[in-house]
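Colleague: Line by line, the protein sequences are chains A and B. Under numbering that gives the first Met the number 0, the residues of the first sequence are numbered 0 to 426, in order. Under numbering that gives the first Met the number 0, the residues of the second sequence are numbered 0 to 364, in order.
No lab work stands behind these hints, which were simulated from the structure alone. Careful, some of the hints might be misleading.
Simulated crosslink set (DSS-like; lysine-lysine; CA at most 30 Å straight-line) [to be verified]:
id, chain 1, residue 1, chain 2, residue 2
1, B, Lys262, B, Lys285
2, B, Lys238, A, Lys327
3, B, Lys262, A, Lys367
4, A, Lys368, B, Lys339
5, A, Lys153, A, Lys193
6, B, Lys262, A, Lys368
Which bits of chain A does chain B cover? Going by a derived footprint, with three or more residues having C-beta under 8 Å, they are [said to hold, decoys possible]:
id, stretch
7, 302-314
8, 323-331
Note that beta-carbon positions come from the ideal geometry of N, C-alpha and C, so glycine has one too.
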Amino acid sequence: MPIVLIDANNFYVSCERVFRPDLEGKPVVVLSNNDGCVVARSAEVKALGIAMGVPWFQIKKLAQKEGIIALSSNYTLYADMSQRMMTILSDFSPIQEVYSIDECFLDLQGFAPEQCRQIGQTARQRIRQWLGLPVGVGIAPTKTLAKLANHLAKKQPKYAGVCVWEEIPEQKQAKILQQLPVTEVWGIGRQWGKRLQDIGILTVWDLQNADPRPMRQRFSILMERMIRELRGESCIAMEEVAPPKQEIQSSRSFGRPVKTIEELGEAISLYIVRATSKLRRQNSVAAALRVYIRTNPFQNHLPQYQAARTVVLSQASQDTRIFLHAGKLALTQMYREGFAYAKAGVHLLEISSAQSVQADLFGDMEAKKRANQLMATLDQINARFGRNVLQPGVAGLQETRSWEMKRGNKSPAYTTQWKELARVKVE
Amino acid sequence: MKLTMDREDILPILANMANIADRRPIQPILAHVLIEAAGQHCRFIATDQEVQLSVDKDHPVDTPGTCAVPARKLYDICRALPEHTPLEFHKDGEKLLLKAAKSRFTLHVLPAEQFPYLNIHSSRCQGDCEAALLREALAVTANTMAQNDARIFLNGVLLEVQGQEMRLVATDGHRLSMMTLPFANSLEEESFQCILPRKAVMELLRIVNGGNIHLSLSDTSFVLDDGYQQFACKLIDAKYPDYRRVIPQGHPFFAILDRQSFKSALQQSEVLVSDRNPTTQVHLGKNLMTLSSRNEEQEEGEIELSVEYQNDEMNIAFNSRYLTDSIQIFSQENIRMRIKDGNSAAVFTPLDSDNPVYILMPVRL
Numbered sequence: 000m001p002i003v004l005i006d007a008n009n010f011y012v013s014c015e016r017v018f019r020p021d022l023e024g025k026p027v028v029v030l031s032n033n034d035g036c037v038v039a040r041s042a043e044v045k046a047l048g049i050a051m052g053v054p055w056f057q058i059k060k061l062a063q064k065e066g067i068i069a070l071s072s073n074y075t076l077y078a079d080m081s082q083r084m085m086t087i088l089s090d091f092s093p094i095q096e097v098y099s100i101d102e103c104f105l106d107l108q109g110f111a112p113e114q115c116r117q118i119g120q121t122a123r124q125r126i127r128q129w130l131g132l133p134v135g136v137g138i139a140p141t142k143t144l145a146k147l148a149n150h151l152a153k154k155q156p157k158y159a160g161v162c163v164w165e166e167i168p169e170q171k172q173a174k175i176l177q178q179l180p181v182t183e184v185w186g187i188g189r190q191w192g193k194r195l196q197d198i199g200i201l202t203v204w205d206l207q208n209a210d211p212r213p214m215r216q217r218f219s220i221l222m223e224r225m226i227r228e229l230r231g232e233s234c235i236a237m238e239e240v241a242p243p244k245q246e247i248q249s250s251r252s253f254g255r256p257v258k259t260i261e262e263l264g265e266a267i268s269l270y271i272v273r274a275t276s277k278l279r280r281q282n283s284v285a286a287a288l289r290v291y292i293r294t295n296p297f298q299n300h301l302p303q304y305q306a307a308r309t310v311v312l313s314q315a316s317q318d319t320r321i322f323l324h325a326g327k328l329a330l331t332q333m334y335r336e337g338f339a340y341a342k343a344g345v346h347l348l349e350i351s352s353a354q355s356v357q358a359d360l361f362g363d364m365e366a367k368k369r370a371n372q373l374m375a376t377l378d379q380i381n382a383r384f385g386r387n388v389l390q391p392g393v394a395g396l397q398e399t400r401s402w403e404m405k406r407g408n409k410s411p412a413y414t415t416q417w418k419e420l421a422r423v424k425v426e
Numbered sequence: 000m001k002l003t004m005d006r007e008d009i010l011p012i013l014a015n016m017a018n019i020a021d022r023r024p025i026q027p028i029l030a031h032v033l034i035e036a037a038g039q040h041c042r043f044i045a046t047d048q049e050v051q052l053s054v055d056k057d058h059p060v061d062t063p064g065t066c067a068v069p070a071r072k073l074y075d076i077c078r079a080l081p082e083h084t085p086l087e088f089h090k091d092g093e094k095l096l097l098k099a100a101k102s103r104f105t106l107h108v109l110p111a112e113q114f115p116y117l118n119i120h121s122s123r124c125q126g127d128c129e130a131a132l133l134r135e136a137l138a139v140t141a142n143t144m145a146q147n148d149a150r151i152f153l154n155g156v157l158l159e160v161q162g163q164e165m166r167l168v169a170t171d172g173h174r175l176s177m178m179t180l181p182f183a184n185s186l187e188e189e190s191f192q193c194i195l196p197r198k199a200v201m202e203l204l205r206i207v208n209g210g211n212i213h214l215s216l217s218d219t220s221f222v223l224d225d226g227y228q229q230f231a232c233k234l235i236d237a238k239y240p241d242y243r244r245v246i247p248q249g250h251p252f253f254a255i256l257d258r259q260s261f262k263s264a265l266q267q268s269e270v271l272v273s274d275r276n277p278t279t280q281v282h283l284g285k286n287l288m289t290l291s292s293r294n295e296e297q298e299e300g301e302i303e304l305s306v307e308y309q310n311d312e313m314n315i316a317f318n319s320r321y322l323t324d325s326i327q328i329f330s331q332e333n334i335r336m337r338i339k340d341g342n343s344a345a346v347f348t349p350l351d352s353d354n355p356v357y358i359l360m361p362v363r364l
C-alpha cells in the first residue's frame with residue numbers, strides 16, 4: 000500500500016512569504032516566542048550555516064551583515080494555513096493522518112506507482128496554486144520509507160519535488176541508502192544515532208541490513224519496526240484520528256520582569272483561561288492543575304527562585320472558574336517577594352473525555368449543569384465576536400497588560416482577522 | 000535476654016510484625032520489632048507511629064530482657080529456615096545472636112527504651128463483636144475507600160456506633176459501601192463516630208480472624224483486642240460527610256441478578272472497555288439485561304443475561320471497575336439492584352436483606 004508523505008518546505012517562512020512576496024529569495028528566519036530562538040529558516044539562511052534553535056542574540060551581528068530578516072512567530076497564521084493545507088490534501092485520500100503542523104500522510108492503497116506519482120504532482124501543484132506554499136512529496140510502501148523519499152524529493156532537484164521510492168531501480172536505491180546517515184531515518188534521534196554508531200551502524204543501508212530480532216533486544220520493539228519498515232514491510236499503521244491531548248499547557252515568558260503577585264496572578268489567570276478553553280474545545284475535563292513560576296536563569300547575577308504547585312480537584316472539571324480558584328491557591332502558596340519573575344505557566348493534568356463523566360455522590364448535579372451552560376455560552380460568544388471578547392476579570396485587560404511577551408516583528412493575522420486582511424493595490 | 004522458640008510458633012507473629020514495621024522509616028527504630036521477655040511470657044510489638052500491633056505469647060523465658068530487632072530481616076531469616084527448627088535468641092550487648100540448627104546469625108539491636116509506643120487515650124466507647132462479621136464489614140468497605148484524596152476523611156472507613164450496632168461506611172465520592180453488625184457496647188451517648196485510616200483497615204483485614212473481639216474507641220485512637228493480639232491505631236482527625244444524605248430512598252424499579260451470571264457477563268464486557276474511561280452501558284428490558292462496552296479502537300461487545308425485571312426500559316452506564324466491585328461485595332447468590340433513572344445512583348443489596356449496601360453513581364454519557 001503506497002503511503003504518501005507531504006511536507007511543506009520551511010513552513011513558517013513559507014507562510015510569511017505568501018503574504019510578503021518581497022521576502023522571496025531573501026534570507027528569512029522566524030523566531031520563537033518572545034523573539035528568543037530561531038525556529039524556522041529559509042533555504043538562504045540554511046546555506047549560511049545557521050542551525051535550528053540558535054538564540055537570536057548570538058547571530059544578530061551575522062544577521063545584520065547578511066541582511067537576514069527576522070520575524071516574530073505568528074502561530075495564528077501558521078495554524079490557519081496548516082488547516083487549509085490539510086483540508087486540500089484530504090481530497091486525495093479518505094485516509095489521512097495529520098502528523099504535525101506542516102506534514103501529513105495519505106494512504107493511496109490500490110494505486111500503481113505511476114498513478115501515485117501523478118497524484119503526488121497534482122497535490123503539490125494544488126497546494127502551490129491554491130495556497131502559495133511549496134511542498135515536497137515522498138511516496139513509498141511504508142511510512143518510514145515515505146519519510147526518506149520526501150527527504151530526497153526536497154534535497155535532489157531531479158525529482159522535481161515528488162519522489163516515488165518504488166520507481167527508483169534497486170541498485171540505485173541501495174546506493175542512496177549507503178550514502179544517507181542513519182540519523183535521517185524517521186524516529187532515530189541523537190541518542191539512538193550514537194548508540195547505533197557504536198555498533199557500527201552508520202548509514203540507513205547498514206540499518207536496513209541489520210538483523211531485526213537482536214536489534215529489538217538491544218533497543219526496543221520500535222527499532223525492529225523501523226528496520227522492517229525500511230525493508231518495505233508496513234509496521235506503523237495510519238492514525239487517522241488524533242487522540243485528544245493528554246496534557247494541555249499554556250505558558251509564556253514575560254516581555255519584562257514581573258515582581259508583584261497581582262501581575263503574576265493576572266498572567267496565570269490568563270493562561271488558565273486559554274488552557275481551559277482548549278480543554279473544552281477537545282471536549283475533555285481535567286482533574287488537576289499545575290502552576291509554575293520562575294525567574295530568568297540566564298540572569299544569574301539576580302536572585303533566583305522557581306516553584307511549582309499541583310492542585311488536585313475533587314472532581315474532574317472544565318469550568319474555568321474552578322481552575323482560576325485553584326491557580327490562585329497555588330500562587331499564594333509559592334509566591335515569594337523580591338524576585339524578578341521571567342516566566343509562568345499552567346498545565347492541565349489527568350485529562351479525560353467529558354463525554355462520559357463519573358457522577359459524584361456529593362456533587363450538585365444542577366449546579367454543574369448550569370456551570371457547563373455558562374462555559375458553553377462564554378465559548379460561543381468568543382467564537383462569534385472574537386477571542387477574549389468576554390473573559391474573567393482576573394485575567395486583566397489586554398490594553399493594560401504590560402507584562403505580555405515581546406513580539407516585535409509579528410506579521411498580521413492575514414487569514415483570521417477581518418481588520419488584518421492583506422490589501423493589494425492595483426495600479 | 001535469652002529464649003528458645005520453635006520456628007512455627009514465631010513465624011506468623013513475625014510476618015505480621017514485618018508488615019506493620021515501616022519499610023522506609025523516618026527513625027531507624029520504626030523498622031524494628033520490640034521483644035519483651037519475662038517469666039512465662041513473651042510480647043512482640045511493632046509500630047510505624049500510625050498503627051501498632053502487639054502479640055502476647057505464653058512461653059518460658061530462660062533469661063528475661065528486652066530488645067528491638069530489625070523486623071524484616073528477622074522475618075526473612077526465619078522464613079528461610081527449615082520447618083520446625085528451634086530458634087535460640089540471645090541478646091549480647093548491642094547484638095542479638097540467633098542460633099538455628101546449623102545456622103548462626105548476628106543482628107544489631109536497638110535499646111528498648113527508644114521504642115515509641117503509640118499514645119492511646121482512654122476510651123469513650125467499648126464493646127464486643129464477632130471477628131468474622133467485623134472482617135466481612137471491613138472487606139466490604141475496603142473496596143470503596145478513597146486513596147490519596149484531598150478530602151482526607153475519605154481515605155478511610157467510618158465506624159459509627161448507634162444503639163447496640165456498629166456500622167462501617169466507606170466512599171470515594173463515586174460509590175459508597177456500608178455494612179452493619181451487632182456490637183454489644185457501653186456507649187452512653189446516642190451515637191459515636193470515628194474514621195479508621197486506610198492503612199489500619201488493610202492491616203486489620205490481615206490480622207482479624209475468628210472468635211470474639213473487644214474494641215475500645217476514643218476520639219483519637221482505636222484499639223482492638225482478641226485476647227491474643229492487640230491492634231491500635233490513630234484515627235483520621237476530620238468529620239465524615241453526612242453519608243445518609245446520599246443514600247437514595249424509594250427507588251421505584253429493581254432488577255434481581257444472579258451473581259454468578261452477572262460476574263461472567265461483566266468479565267466478558269470488561270475486555271473491550273476503554274482503558275481511560277472504562278464504561279459499561281447497562282440496558283434493562285423485560286427480564287433481560289444487556290451490557291455493552293466499547294474501547295478507543297471502536298471495538299464493541301454486547302452481552303445479554305437473564306434477570307428478573309418487570310419495569311420500563313432503562314439505560315444506565317457505570318464505570319465497569321466499580322460495577323465489578325458490586326459482585327465482590329456480596330456473597331449471596333442473588334443481588335437486588337434498585338434504580339430510578341440513568342442519572343441517579345443504583346443501590347445494590349442482597350435479595351433478602353438490606354445489609355450490606357453498595358451505592359454506585361452512574362457515568363453520564
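Colleague: Does each hint hold? Answer for all of them.
Modeller: So, going through the hints one by one against the coordinates:
At roughly 20 Å between alpha-carbon atoms, Lys262/B and Lys285/B fall within 30 Å of each other, so this suggested pair holds. A distance of roughly 26 Å separates the Cα atoms of Lys238/B and Lys327/A; the hinted pair therefore holds under the 30 Å criterion. Straight-line distance between C-alpha atoms of Lys262/B and Lys367/A comes to about 33 Å, which puts the hinted pair past the 30 Å bound. Only pairs whose Cα atoms come within 30 Å are accepted, and Lys368/A paired with Lys339/B is accepted, the gap being roughly 19 Å.
The suggested pairing of Lys153/A with Lys193/A holds, with an alpha-carbon distance near 26 Å, which does not exceed 30 Å. This hinted pair does not check out: Lys262/B and Lys368/A have alpha carbons roughly 34 Å apart, beyond 30 Å. Figure legend: the stretch 302-314 of chain A, annotated as covered by chain B; annotation consistent (3 residues with Cβ-Cβ distances under 8 Å, at least 3 required). For the stretch 323-331 of chain A, the assignment as covered by chain B is violated, since 0 residues bring a beta-carbon within under 8 Å of that chain's beta-carbons and 3 are needed.
Of the numbered hints stated above, those contradicted by the structure are hints 3, 6, 8, listed in ascending order.
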